[in-house]
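**Student:** For the protein sequence lines, the chains are H and S, in the order given.
To convert, note that position 322 of the first sequence is 322 in the working numbering; the numbers rise steadily by one, no gaps.
To convert, note that position 320 of the second sequence is 320 in the working numbering; the numbers rise steadily by one, no gaps.
Hints in this document: simulated from the structure, not taken from any laboratory.
Among these hints, one or two may not hold up.
Pair ranges (Cβ atoms, derived) [as the list claims (entries may be wrong)]:
(1) H:2 / S:318: 33 to 41 Å
(2) H:197 / S:234: 36 to 44 Å
(3) S:238 / H:197: 43 to 51 Å
(4) H:197 / S:157: 49 to 57 Å
(5) H:70 / S:373: 41 to 49 Å
(6) S:263 / H:65: 16 to 24 Å
(7) S:143 / H:113: 52 to 60 Å
Everything numeric in this text was worked out from a predicted model, so none of it was measured.
Where is the CB? At the ideal position from N, CA and C, for every residue including glycine.
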Amino acid sequence: MHPALLGLFTIIFAVAACGLYFYGSNWVLDKVLFPAKGPNAGRNINRANMIRPWLFLFPAFAALGLYLAYPVFETIRLSVLDRDAGNAFVGLQNYQQMANEPKFWEAVRNNFLWLLVVPAASTAFGLAVAQLTDRLAWGNIAKSLIFMPMAISFVGASVIWKLVYEARPEGTDQIGVLNAIYMAMGGGEPITWITVPFWNNFFLMIILIWIQTGFAMVILSAALRGIPEETVEAAIVDGAGPFSIFFKIKVPQIMPTIVVVWTTITIATLKVFDIVFAMTNGQWETQVLANYMFDKLFRANDWGVGSASAMVIMLMVTPILVWNIIQVRKETR
Amino acid sequence: MAAIDDQGPNRGSFVTSAQQVIKGLYTGKASDDGIAGEKSSLGLVTNLAVLFLVFLWLFPTVGLFVSSFRTADQITSSGWWSALSTQEAQNPAIRLEGTETPEGDLFVIEGQLFDNTDTVVTAWGWSSRAPEDFAPGETAELRGGEMLTIEEDGAFRLSNTVSFEGERLPRVFTTASSPPEFTFENYNYMLFEGSNESMAPAFFNTLTVTIPATIIPILVAAFAAYALAWMEFPGRALLVAVVVGLLVVPLQLALIPLLQFHNWIGIGKGYVGVWLAHMGFGLPLAIYLLRNYMAGLPRDIIENARVDGATDFQIFMRIILPLSFPALASFAIFQFLWTWNDLLVARVFLIDSTGQTTVMTNAIVELLGTRGGNWEILATAAFVSIAVPLVVFFALQRYLVRGLLAGSVK
């Protein structure tokens with residue numbers, strides 16, 4: 001069957017199945033199991049209302065359980081098994097093997113670099129743009145344009161930036177902006193930026209910062225607007241300049257939002273795989289954990305070590321996970 | 001182009017107030033905390049700084065966009081930023097071609113070097129060591145005794161006393177200034193003609209992945225969100241916490257277990273698998289966004305409907321769902337962008353060895369590998385894949401922003 005046709009049928013089928021499930025199960029509950037009439041009407045209504053939430057929740061939580069919760073435990077299990085030895089239990093051997101690979105430590109080191117630089121830079125740029133555009137007549141258009149990279153795929157962004165980093169042999173016209181500027185400033189030889197060990201990590205990070213700044217900007221700009229005017233006015237009356245107003249009055253007040261933005265970008269950074277995969281595929285010392293894991297799982301076919309490295313990613317996310325849950329519990333209380 | 005509107009909707013005051021509840025921080029008024037006595041020089045600096053940032057942010061994308069309309073020769077001979085100006089550049093060697101006509105005792109080949117008739121030759125040569133030896137209109141004697149003349153407009157006349165039959169015609173080097181030139185040929189090639197590398201099948205595959213993967217989770221999540229927002233049952237707070245926790249779980253963990261699961265239930269790699277995976281991975285955000293929004297709807301309406309005897313199913317379908325449209329729309333945009341731009345999930349759950357089911361992101365990654373230096377191909381392919389999300393983004397930006405604010409700022 002043509003895929004587009006298949007897609008159309010799936011949409012119709014899925015919508016119909018959902019409608020049928022929710023309508024049908026409610027109907028069965030109200031009309032067959034606990035009809036709201038007869039001598040037990042009152043008790044029946046109460047019973048039906050006890051069951052109904054679970055009818056509403058079931059499909060979503062079944063999917064969540066299967067697609068997100070179960071894999072966490074299954075990955076833990078796979079990380080202590082050896083697939084080649086018929087899924088024999090090998091304890092921490094996979095972790096040990098992983099720890100002996102220099103490529104793994106390179107990935108860990110780079111991941112920490114990414115975590116240090118990307119969320120900080122994106123948040124800082126986002127905050128700066130949010131503050132600067134706040135009072136501009138064309139601020140909304142400027143925001144819109146800076147927000148735009150969010151719609152571009154990591155792969156598309158990689159192609160865009162690859163052109164920026166492009167190097168042509170010496171003596172010919174440079175078609176990559178960075179080298180063109182470098183040569184115009186009197187650089188000796190054009191540099192192939194993404195193959196320079198260590199520094200190339202930063203050239204890859206720029207791509208993610210470019211994408212994430214818009215996100216930070218949108219949320220921080222809303223937070224800045226939420227600051228009560230009185231505090232700012234009081235500071236002006238007391239003779240504070242624009243910079244001290246920004247750093248001493250505004251930033252402390254939106255600190256909670258800055259933290260939220262920071263953590264959200266941190267999560268995105270940890271999971272990012274596409275940029276490294278498309279730009280260098282981990283060559284020239286740019287490996288990161290997500291790409292290392294993909295390598296192990298699908299190229300080396302080593303599920304044990306692949307799962308072990310997935311667990312390392314999970315471990316890095318866990319503090320954020322716990323913090324998120326604590327925050328939400330505080331708010332819903 | 002719709003500019004970002006985080007001023008909030010100017011629709012019914014009731015919906016507005018509901019949204020303000022969830023946004024919390026958001027005040028709903030135009031911010032004009034113009035600092036009294038602010039110096040105008042600072043205003044100028046601000047303007048320039050923002051202008052510079054916008055320029056910095058747009059520059060890379062514009063570069064690729066311009067490149068996608070240039071020919072391969074132009075891209076490799078000059079930076080895209082000079083594409084708009086007339087440029088003088090040394091062209092790659094062009095091998096003469098044409099059919100000879102006898103003219104007296106001479107055999108003559110005449111023709112045009114350039115397709116673009118506005119090109120002006122400033123110098124030319126027949127050897128790579130002396131590519132600028134001759135001026136336009138001059139006649140040179142080549143190694144085999146041939147006489148070659150090249151005019152300013154690129155017309156050439158090659159003559160010899162013996163026939164050119166069976167001989168390779170000479171190459172010429174030209175330095176020419178050519179006016180800006182743009183072409184749709186790259187798009188034509190990538191979309192319709194380049195049968196091997198055409199993006200058309202990948203485009204439709206991406207669409208096939210994206211649309212069901214956007215619609216299905218919304219349905220499932222909306223019911224769950226309603227239950228979590230408005231139904232009383234034990235363990236509700238715990239379930240909300242579970243959803244929030246799952247927001248953070250890296251989907252990398254799910255790859256192998258789910259691939260095993262898909263193989264086990266017999267769907268293997270294919271569309272069904274990728275739809276299910278996108279649904280599963282999209283659900284936490286969907287439930288979270290929709291629950292936050294629905295919980296902010298006014299209690300009166302729902303309680304009045306209950307008193308009037310409406311069932312939960314009716315309340316959901318007739319009241320909650322229509323009122324939640326902004327939240328539904330913002331999640332739909334997120335999920336659409338995410339599934340359209342996805343590479344990892346498609347590589348793991350969809351793309352099989354036949355290569356028939358590749359999506360655009362994957363097609364581009366493959367082009368990066370095989371055609372790394374062919375910028376006309378890469379740029380065009382990238383822009384074909386970027387076009388749809390950009391249109392969606394600029395058309396529906398205000399919903400996207402609302403969704404972000406509802407979901408992230410508490």
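**Student:** Determine for every hint whether it applies to the structure shown.
**Tutor:** Taking the hints in turn, this is what the structure says about them:
In this structure, residue 2 (chain H) and residue 318 (chain S) meet the distance hint of 33 to 41 Å, their C-beta atoms being roughly 37 Å apart. The hinted range of 36 to 44 Å is not satisfied by residue 197 (chain H) and residue 234 (chain S), whose Cβ atoms lie roughly 57 Å apart. Checked against the hint of 43 to 51 Å, the C-beta distance between residue 238 (chain S) and residue 197 (chain H) comes to roughly 48 Å, which is consistent with it. In this structure the hint that residue 197 (chain H) and residue 157 (chain S) lie 49 to 57 Å apart at CB holds, the actual value being about 55 Å.
For the hinted restraint 41 to 49 Å between residue 70 (chain H) and residue 373 (chain S), the CB-CB distance of approximately 45 Å keeps it satisfied. The hint said 16 to 24 Å for the Cβ distance between residue 263 (chain S) and residue 65 (chain H), and at roughly 19 Å that hint holds. Distance hint check: the CB atoms of residue 143 (chain S) and residue 113 (chain H) are about 58 Å apart, consistent with the given range 52 to 60 Å.
Checked against the numbered hints listed earlier, the structure breaks hint 2 alone; every other hint is satisfied.
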